[in-house]
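**Student:** Given next are the chains, with one letter for each unit.
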Amino acid sequence: MSPTLRTPLMFALVAVLIVGTGIVQSWNSALLILNMGLVSAVMSLGVNLQWGFAGLFNVGVMGFVALGGLSVVLVSMPPVGDAWAAGGARILAGLAIGAGALVAAVLAWRRVARRWRGWAVAALLIAGFAIYRAVLGPAVDAVESVNAASTGYLGGLGLPVLFAWPVGGALAAGAAWIIGKTALGLRSDYLAIATLGIAEIVIAVLKNEDWLARGVKNVIGLPRPVPYEVDLQRDPGFVERAAGFGLDPTTASTLYVKAGYGLLFAAVLVIVLVLAQLALNSPWGRMMRAIRDNETAARAMGKDVTRRHLQVFVLGSAICGVAGAMMTTLDGQLTPSSYQPLRYTFLIWVMVIVGGSGNNYGAVLGGFLIWFLWVQVEPMGQALMGLVTSGLADGPLKSHLLGSVQHMRLLTMGLVLLLVLRFSPRGLLPER
Amino acid sequence: MDMLNAFVALSNFVLIPAIAYGSQLALGALGVTLVYGILRFSNFAHGDTMAFGTMVAILVTWGLQSLGVSLGPLPTALLAIPFGIVGCALLLLATDRLVFRFYRVQKAVPVILVIVSMGVMFVYNGLTRLVIGPENRTFADGARYLVNARQFREWTGLAEPLVIRGTQAITVVTAVIVVALLFWFLTRTRTGKSMRAFSDNEDLALLSGIDPERVVRVTWLIVAALATIAGVLYGLDKSFMPFTYFQLLLPIFAAAIVGGLGSPLGAIAGGYVIAFSEVAITYAWKKVLGYVLPDSLAPDGLVQLMATDYKFAVSFMILVVVLLFRPTGLFRGKSV
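Order-wise, the sequence lines are chains R and X. Residue 398 in my numbering is what sits at position 212 of the first sequence, and the numbering runs on without skipping anything. Residue 21 in my numbering is what sits at position 41 of the second sequence, and the numbering runs on without skipping anything.
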């Protein structure tokens, strides 16, 4: 099959799957799958930029996604005035001291004479850490004790939530720059372990630093870019229009809200996809692929490989951050304990590999297709297991088998990845 | 007396837990480093391999317990370890035959094998959860303490009681035996020597008539043994939960890299380096300092450098420092 035909056919298949869900299950589930599919597609475009374009092995996607989620809280929640009064300035001062100590240590390493620099850096770091803890500690306690049950954190800036999406990208980009500066230029599997570690650290920070985003107490009720269902149901004009389509107000309002998210996400996806396509076909994209395919040759041609790697690493991570912000906006809450590497890092990798690394359309396709599978494997497995166990007598074995169906997901994803790698190693839509 | 008390407190909360945890990490890192040395890729499925082997051992332990078999003061799980190893070895050999061998024959680049191992990780993870479920399980039985607080107080009269849990002692003893056996195997037996030759220089090893498939098979067998033993010891010492084992991947890799990937000695050193720093940095030093320092200087706060949840950050920071200043690790591992 020619690639020009294959791409539209594959996307048609995805459309059929989602519309089929709408007809067989409900339009609400179909839109839910579509929305998360859009978010997943953006994430896998980000990973594709790093892996498909440049061959960078980033398994810290979860960390960048979580930073995007954090940005939603920091941008859109109203500031907590009492908390700022209690210790806001002091927390900022503490963070500035911590950052200052790190910068001073790096400068000392570069400037101080070789004999003394180890001691100088160690002294700076230890002193910096002690002062940082001394300044930050009391302020954190003060902030966290302000109305701990409902706030206990500094709050955000109170800006419209859509601002959080670019901010999430910027936050992720900043983190990626710091990681890239230290870990890029190392071997690929070292970068992998380093990014895996960073992701865990980001989650640990989100879980522990209650003053920042309430930690495991979660921030709920994030502002939304679309109207609330209750308000729609109270609006007589909306109810009338819904009746015109033959829908009851409740269903109509939930569909309307989900469709609103869908349109916003689709707009972001289209922008990112167009930019990624332009980048892929530009001289920059060709240079990236040249570096990926033969680093030494590219270096011989005078390309600054480490710099280009850093650039593409930051860009790809920023896209993951935007997607993370979108996802948290959709959820309406930030729950740090829900971030799990299998779901937010490795599943995205399955999407990219299955879709076709190096091909932007492939990454988008993988995002939709794998997300669809991830959601639908459970009901399908349930039906299958119900059929298999229908002959069994009721007992512990039967209930164990039925109860374990929810773990079929991981097994299926692994099998899908292994089968694609074996029989179609370049993915469903191979790079041209 | 205060110094002795301080030392006992230090042993209780830092030295003994870190030695036990370090032994578990070292066994895990040995598995990772062997796969890296012989098969030349970072195996992301290692944490879940440990989980699978441990799961088989737990199932057999339950079976033995229901038959009334016990080892007296020792945990029954020790009897189940061989079964766990066999189960794990069958799984690994089947995986190699069905999955990894294809790419080895193709001479695929290492990073493709890493991605393949990601798929294997998903499958193992799913398998373990399908069979035993995602819940937290404890399966330690037998005597709980080797040295308990009351006995120690009666013997010595120190205010600070020394406590050694049975599982900690078993971990250390087992780890020493396993490591000694492994090094004996690698340095004294023909198969072990051929493995080292293969790891050092593949072409030369092939030229001298070493059967690569046999070397790979033996490697997987050893990895299965190491992973299962490490997993069972960790599970006895703490508890078994598939997700925790998956997360062990990070400290285990950190240990292997810090020691130098491909170097067995390095893996052991790396395991202890990571374990000691994790425990020392997340321990609240108030008690120990309270004994050591004069009363006027005794600290008010907990003197805990970082919250326990940041233990991953510790393995990560050590990893970064080593990679920046000594990229091949402490023991000069490979850098392919």
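Please keep in mind that the hints were generated in silico from the structure rather than gathered at the bench. Take these hints with a grain of salt, some might be off.
[Stated by the list, open to error] Lysine-lysine pairs mimicking DSBU-like chemistry, simulated, CA-CA at most 35 Å apart:
| hint | chain 1 | residue 1 | chain 2 | residue 2 |
| --- | --- | --- | --- | --- |
| 1 | R | LYS489 | X | LYS218 |
| 2 | R | LYS403 | X | LYS267 |
| 3 | X | LYS87 | R | LYS393 |
| 4 | X | LYS267 | R | LYS367 |
| 5 | X | LYS218 | R | LYS403 |
| 6 | R | LYS403 | X | LYS87 |
| 7 | R | LYS584 | X | LYS218 |
| 8 | X | LYS87 | R | LYS367 |
Since the structure is predicted, the reported quantities are computational estimates derived from the model, not experimental observations.
**Student:** Does each hint fit the structure? Answer for all of them.
**Tutor:** Hint by hint, here is what the structure shows:
no. : hint                : in the structure
1   : R:LYS489 x X:LYS218 : violated (51 Å)
2   : R:LYS403 x X:LYS267 : holds (30 Å)
3   : X:LYS87 x R:LYS393  : violated (43 Å)
4   : X:LYS267 x R:LYS367 : violated (40 Å)
5   : X:LYS218 x R:LYS403 : holds (26 Å)
6   : R:LYS403 x X:LYS87  : violated (49 Å)
7   : R:LYS584 x X:LYS218 : holds (30 Å)
8   : X:LYS87 x R:LYS367  : holds (32 Å)
Violated hints, in rising order: 1, 3, 4 and 6; the structure is consistent with all others.
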